[in-house]
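Residue numbers (our numbering), protein chains in the order written: chain B, 501 to 621; chain A, 318 to 482; chain V, 18 to 475.
In short, the hints are calculated from the structure, not lab data. Honestly, I wouldn't trust all of these hints.
[What the hints assert, rightly or not] Pairs of lysine to aspartate or glutamate residues, derived as EDC-like cross-links and limited to a Cα-Cα distance of at most 16 Å, are as follows: (1) V:Lys354 with V:Glu445; (2) V:Lys428 with V:Asp469; (3) A:Lys445 with B:Glu589; (4) V:Lys66 with V:Asp76; (5) V:Lys324 with V:Glu272; (6) V:Lys19 with A:Asp454; (7) A:Lys453 with B:Glu597; (8) V:Lys163 with V:Asp235; (9) V:Lys354 with V:Asp440; (10) A:Lys453 with V:Asp71; (11) V:Lys368 with V:Glu298; (12) V:Lys428 with V:Asp235; (13) V:Lys19 with V:Asp76; (14) V:Lys324 with V:Asp76; (15) A:Lys453 with B:Glu589.
[Stated by the list, open to error] Some chain A residues well away from chain B (every beta-carbon gap over 10 Å; in silico): (16) Tyr350; (17) Phe409; (18) Leu419; (19) Asp454.
No residue lacks a Cβ here, since even glycine has one placed at the ideal position from N, Cα and C.
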Amino acid sequence: MQSNLYDYLPILLMFIVAGGFVGGTMFVTHKLGPQIKSKIKLDTFECGIESQGNARIPFSIKYFLVAILFVLFDVEVIFMYPWAVNFKELGLFGFIEMLTFMGFLLLGFFYILKKGALKWE
Amino acid sequence: MMIKYIFYFLAFVSVFSALMVVVSKNPVHCVLYLIMCFFSIAGHYVLLNAQFLAAVHVIVYAGAIMVLFLFVIMLLNLNTQSEPHKSTWLKFAAAITSGLLLVILVGTLKGSETMVMPVGNPNAGLIKNLGNTLFKDFLLPFEVSSILFLVAMVGAVMLGKKEIK
Amino acid sequence: MKSLILLSGLGVLTLLSEIFNFKRKIFPVVLLGLLGTIVLSAMYWNTNKHYFNDMMFFDNYAVAFTCLISFIAFAWFLLSQNYFNEETNLTDHFALILFALVGAVIMVSYQNMSMLFLGIETLSLSLYVLAGSRKNDLHSNEAALKYFLMGAFATGFLLFGIALIYGVTGSFNLQTIANYITLNSGNIPALFYTGVLLMMVGMAFKISAAPFHFWAPDVYQGSPLVITAFMATIVKTAAFAAFFRLFFTCFSTIESVWGNIIFVMAILTLAVGNITATYQESVKRMLAYSSIAHAGYMLLAILAMNKFSAGSILFYTAAYSVASITAFTVLSIIINKSNNEAIDAFNGLGKRNPFLAFAMTVAMLSLAGIPPMAGFFGKYYLFNAALQSGQTTIVLVAVLASLVGVYYYFKAIIAMYFKSGSDSSPVEVSFIHKLLLVLTLVLIFAMGLMSDFVIRLL
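This is chain B alone, in the form it adopts within the complex:
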């Protein structure tokens, strides 16, 4: 199952297409669009509001809490891939192993719900 370098060609192609699309569209829009720069054009529209201050303001910890819980469950799910590939081979024992693991995390999930950590108030 030793993989060959050419096996990665599709992935490389995908990277090139993804990067190329971003770069290409940016290049093309700058070239194609008319280039008029004036004070009025760069101004906020008449129905908009003047932008105030800076975008970098400290925001609520709640976002961070959700993000950190997401990472935890994200990592948890990753453990399932190698398990799923070996599911038949590991048999019932492997199933129980995973059940214990998931049990712990499910408990954590219910605990989080009970504590109201995901409530937005």
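We have chain B already, so just place chains A and V on it with the hints.
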């Protein structure tokens, strides 16, 4: 032959981006360089024939954890570019200690060029073999890691949740 | 292993109690569970069982330390009983403490470096959070952040060391690595030694040995008092047991590599801990420095590295933890009363509550190492083990250091009996605290009298 050049390229990218993480003034640039670093390390994993680890590395580190990093930067409010002044002595001591560590690491790595490494299974990084090792030999660490996750969850809720009075 | 499962089960149960609303009943259940842990692990005495592909190895060393840790945890729960009455996040604290205990038990019984890492992480992660559990207290926040940053950095060193050793030997198993050393003695690559030294740095941080101790005073002072008590006793014991287990099983044959470094580290730790403790005003901070100093004494057992080491380290950690729990209990009562952790708060305690003053005196004397108490015998056996290996210099330094130690421990005693404070109202002690103090006092004397028995265990 091709692999050798890819390795050198990836090594250059990872070292360069890691250095840029340290020297960049703008914290957001640091994070972007860190993403670059993570991607190049994922490339190293692919070279070592560990595709699963490479994918996980991109998903978890470059994806999820970097978002957390950006969140922390937002939380810290780094608008004012005021870094606390560090005394010259402190810088001096830090330079000496980290320099010594560098000398030791380079020295030992140079000395082990001819070392015979124990040869493992070259396919150990493939998802199937990884799963086999993880769920058979390393069963207990796997289960204990769920306790570690639980601790992290409880801790995050405890610190992040506003107390209801 | 069953004790480990029981402990994790208790942690899970506390979380369930939050979900299903039986929080109020959880405290006695946890106490009973801890007693059960002691019994369960003691049943495995002399069985030497390997578990799960040699991940864990419950030899007598592991069983003894599991019992010790569970017992200290039991005493700790009694000490912190009224702290949790005030806290709203009762289940959080309980669960984190119980999971930290799981980590501690793994740290004393691992046979595989991946388990060592997981144990340390489980223990530390809970503590980072617990250190910052007073969210509105700036000192608590500072303690948590400092502890977390330094701790994560030290864990990095530990992991780097493990990785290098794995690279050379191809195994995480302690026994395999030990066999590798004996098979290849003479042509072990330098990479391996660097790995050993990096692991040593990581572990030295966890036991707060100088020069890796800078975090300890601030973290100990900033954390809530009961958490400080937990760190000073259980964490110290577990970290040291892990350190010793690693070096005794794995690296005892290459003492020429790390012997001198530990030697210098021990001298530095003894000097820094004892001398800095003498000019502390806050009792909490003084106990922090004293715990650094005690890490210095314990390093003697690693230097000795002979058949007396394991027994002496068990006895020393037990004596030190019991005395510390006593001191922290008295301190918590005083702080509750006067909201002042300076040494002046102890003024006139001899008249205000003779029993408390007596308990504190005994604890201080035991920590200082005055003869009839357990602390003296702990030091005696440690020094004896070091002398058996011909480590005369370090024993001399340690004796000098403990003389300095007597000075600052007596400062508290003098304050209690020979100074009169502004406040002379009597201090009340709750029933549970009285029970705990009596228990620990009896233990301090009993361990002193039966030291021979304890030391023969290992």
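| message | Please verify whether Lys19 of chain V and Asp454 of chain A have alpha carbons no more than 16 Å apart. | response | 20 Å, violated
| message | For a C-alpha distance cap of 16 Å, please report whether Lys368 of chain V and Glu298 of chain V respect it. | response | With Cα atoms ~22 Å apart, Lys368 of chain V and Glu298 of chain V exceed 16 Å; violated.
| field | Verdict on Asp454 of chain A as a residue remote from chain B, using beta-carbon distances over 10 Å | value | 12 Å, holds
| request: Against chain B, does Phe409 of chain A hold up as non-interface, every C-beta pair farther apart than 10 Å? | output: The claim holds: Phe409 of chain A sits with its nearest Cβ about 33 Å from chain B, beyond 10 Å.
| said: Between the alpha carbons of Lys453 of chain A and Glu597 of chain B, is the straight-line distance 16 Å or under? | reply: 10 Å, holds
| message | Can you confirm whether the C-alpha distance between Lys428 of chain V and Asp235 of chain V stays at or below 16 Å? | response | 21 Å, violated
| request: Measure nothing beyond the straight line between the CA atoms of Lys66 of chain V and Asp76 of chain V; if it is 16 Å or shorter, mark the hint as holding. | output: 7 Å, holds
| Under the criterion that the straight-line Cα-Cα distance not exceed 16 Å, is the pair Lys453 of chain A, Glu589 of chain B satisfied? | Holds, at about 11 Å.
| message | Does Glu589 of chain B sit within 16 Å of Lys445 of chain A, going by the straight-line distance between their CA atoms? | response | 10 Å, holds
| Pairwise hint evaluation, Asp440 of chain V against Lys354 of chain V, where the allowed Cα distance is 16 Å at most | 10 Å, holds
| request: Take the C-alpha atoms of Lys163 of chain V and Asp235 of chain V, compute the straight-line distance between them, and say whether it is at most 16 Å. | output: This hinted pair holds, its Cα atoms lying about 8 Å apart.
| field | Proposed proximity, Glu445 of chain V with Lys354 of chain V (alpha carbon, max 16 Å) | value | Roughly 9 Å between the alpha carbons, so the hint for Lys354 of chain V and Glu445 of chain V holds.
Comparing the model with each numbered hint stated earlier shows that hints 2, 6, 11 and 12 do not hold.
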